[in-house]
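S.K.: Let chain Y serve as the given structure and place chain E on it in line with the hints.
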Amino acid sequence: MPEKVITVQHLMKKFGGFIANDDLNFDVYKGEIFGFLGANGAGKTTAIRILSGLSRPTSGEVIVAGYDANKKPEMIKRNIGYMCQKFSLYEDLTVRENIILYGGIYGMKLAVIKNRVHDLLERLNFEEYENRIIADLPLGLRQKLAFAVAVLHEPKIVFLDEPTGGVDPITRRQFWEMIYETAAGGITVFVTTHYMDEAEYCDRISIMNEGKIVALDTPAELKRKYNAETVEEVFIKIARPVAPHTPLKGG
Amino acid sequence: MQTVVESTGICKSFGETRALKNISFTVDESDIFGFIGPDGAGKTTLFRILTTLMLPEEGTMTVLGLDTVKGFKELRKNIGYMPGRFSLYQDLTVEENLKFYATVFGTSIKENYDLISDIYSHIEPFKDKLAGKLSGGMKQKLALSCALIHKPKILVLDEPTTGVDAVSRAEFWIMLKKLRDHKITIIVSTPYMDEAMRCDKVALIQNGTILAINQPIKIKEGFSRKLYSVKADEKYKLLLALKKYPKTSSVWPFGDSVHLTVNEEDPEESVKSFLEKEGVKYPEINLTEAGIEDRFLELMKSENG
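These protein sequence lines map, in sequence, to chains Y and E.
Residues in the first sequence are numbered from 1 upward in steps of one, following our numbering.
Residues in the second sequence are numbered from 1 upward in steps of one, following our numbering.
For the record, the hints were derived by calculation from the structure and aren't laboratory data.
Treat the hints with care, since some could be wrong.
Quick look at which bits of chain E chain Y covers, simulated, 3 or more residues with Cβ under 8 Å [as the list claims (entries may be wrong)]: (1) 130–142; (2) 165–175; (3) 187–200; (4) 228–239; (5) 245–259.
Built from N, CA and C at the ideal position, the CB exists for glycine as well.
Isolated chain Y, as found in the complex (with noise of 0.2 Å):
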C-alpha cells in the first residue's frame, strides 16, 4: 500500500448556514498527481485552505504530511509548498532574491538555499535570468520559477491552484513535465485547473458539486463510467453549476 500522505475523513466546513464542504472522504498518495476538479463555487477553494492549514474544518478529521488540520496547520504549512496563477513572487525583487527570500521562510539554512539556487536556475536553463526582476520575465518563465520555488524545501506535498491559466501551450506543457518530475520525485503534486484536457494529466481526479465529491478514479476509468470521450464530457455531465442555469444537452 503506498503511503498516504493526505486523509480526509467527513470533513465538513460551514460558514453560518451555508455548508461549503459537505462530509468528503478521499485519501491522497505519495507521489500521486492528484486533479481536485468542480464547477466555480463548488467548495474547491474551501477545501484547499483546510488542506493548507489556512482555515479549520467545523468538524471531520484531515492529515496532511502527517499533520493533524485543526491540531497543527502551523506544522502543515512547513511541510508543504503552494503556487497560485494569482500571486506567487514577488515582482520587484529579483529571480534569485525570491528564491532566498522563500527558502528562508520555509526555514532552510541560508547555505543550503544558496546551493539550491544554482542546481535550480540551471535545471531551468535559467542562469542569465538570476538578477533579473520578475517584472521583467515573460508570464511563462515566471510560472515554472514560482512552481519550482514552491518545492524548493523539499516539501510532501505541493498545490498548484490554476498554475496554467493563461500560458501558451508550449509553456503548459514544459510546466506540466515539470509536475511529472516533481511527481517522479516523491512529492504529492495536487493541482486544480479550468483546462479539462490537462485533468487527462493526472493520476486520479475528483470532481466537486455543491460541496461534495461527486466522482473520484482516474481518468481513465470516469470515462468508462460515464460513456465519455474526454473529461470535459465527464465534467458537463456532472459537474452542475451553484448559480441558476438552463439545463445543457452535452458539450
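M.R.: The following block gives chain E in isolation, referenced to the frame of chain Y:
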C-alpha cells in the same frame, strides 16, 4: 458577405515592448471571430485599438466603415465592449448597472430587452443585489447584458471565459451563438484552444504577431505532417523515452497520450520496440488527426526557430 472590420498594418509599442507588429485582418458581418493566444500576445491592446480606446502607432483600422481614430465618436455608439477585468459598478445593484449603461447610450432596458432577455433572465431574480456581491458566472452575465443594452452592431469580448469552469464556458458559447442570430458580429479572445473550434474564423496570435488566420477546420488542416498518438500507463517514462528516440521530430504531452512526429515513414513497429527496450510497458501507437493546438504548437515552434 460584408466586411465590418478591416485592419491594415497595425503596430503599437510600449517603450521597448512591441505589443503589436503589423496586424492585418478582416472580419465579416455576423461572424464569431476569435483571437486565440496566451497572456501577453497582444490581444487586449488590439481590442483597445478596435474599440477606439487607444491609438495605433502605425496602420489603420476601420470598423463599420468608420476609422477608429477619426470616427471614434460615431463608432462608440455601435460597439459593445466587455473588458477582461470586471468593470461594472460594484456598489450599484444589478438593475442600476444595467439602467446606467442604457441611459448613457440614450436608450432604456425596455427598448432592447429582447436582445438581452436570454442572458439577463438568469440574473433578473437578483436584480436588487449589489453587482460586487455576485458570483463569477453572474457577474459575467451582467457584464454581457450591459455591453449589449444599446444594441451594438459589434460585440467585443476580451477573455470572457478566463477562469470560468467548463460547464459555464459551454453555456457562454451557446449564448454567443444565439446573439449571432441577431446579426451581431462578435469578436472574442480566449487562451483556451478548445474554444477556437466554436468560432467561425480564428486568428492565432503570439508575441504581437498573427501566426495564422482562417476557419478553424482549415487551420487544423494546415498541420503538415503525420501525427501519432502514443499511450502507455507510465506517462512520464513514455515522454522521456520518446524524447530519446533518434528519429523524433516533436513530442508533446497531450492529456492521456503523447503526440509525436518523426522523421521516418511507418514508424509504428520501430517506435514500439524502442519504447519496450527503454522499459516502457505496453506502449500503443496510432495515427491520429491533428487538432488546432497541434497546429499552434507547430507554428510556434517554427516561429521560435
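S.K.: Decide, hint by hint, whether the structure agrees.
M.R.: Each hint, compared with the structure:
no.	hint	result
1	130–142	holds (count 4)
2	165–175	holds (count 8)
3	187–200	holds (count 4)
4	228–239	holds (count 3)
5	245–259	holds (count 5)
Violated hints: none; the structure is consistent with every hint.
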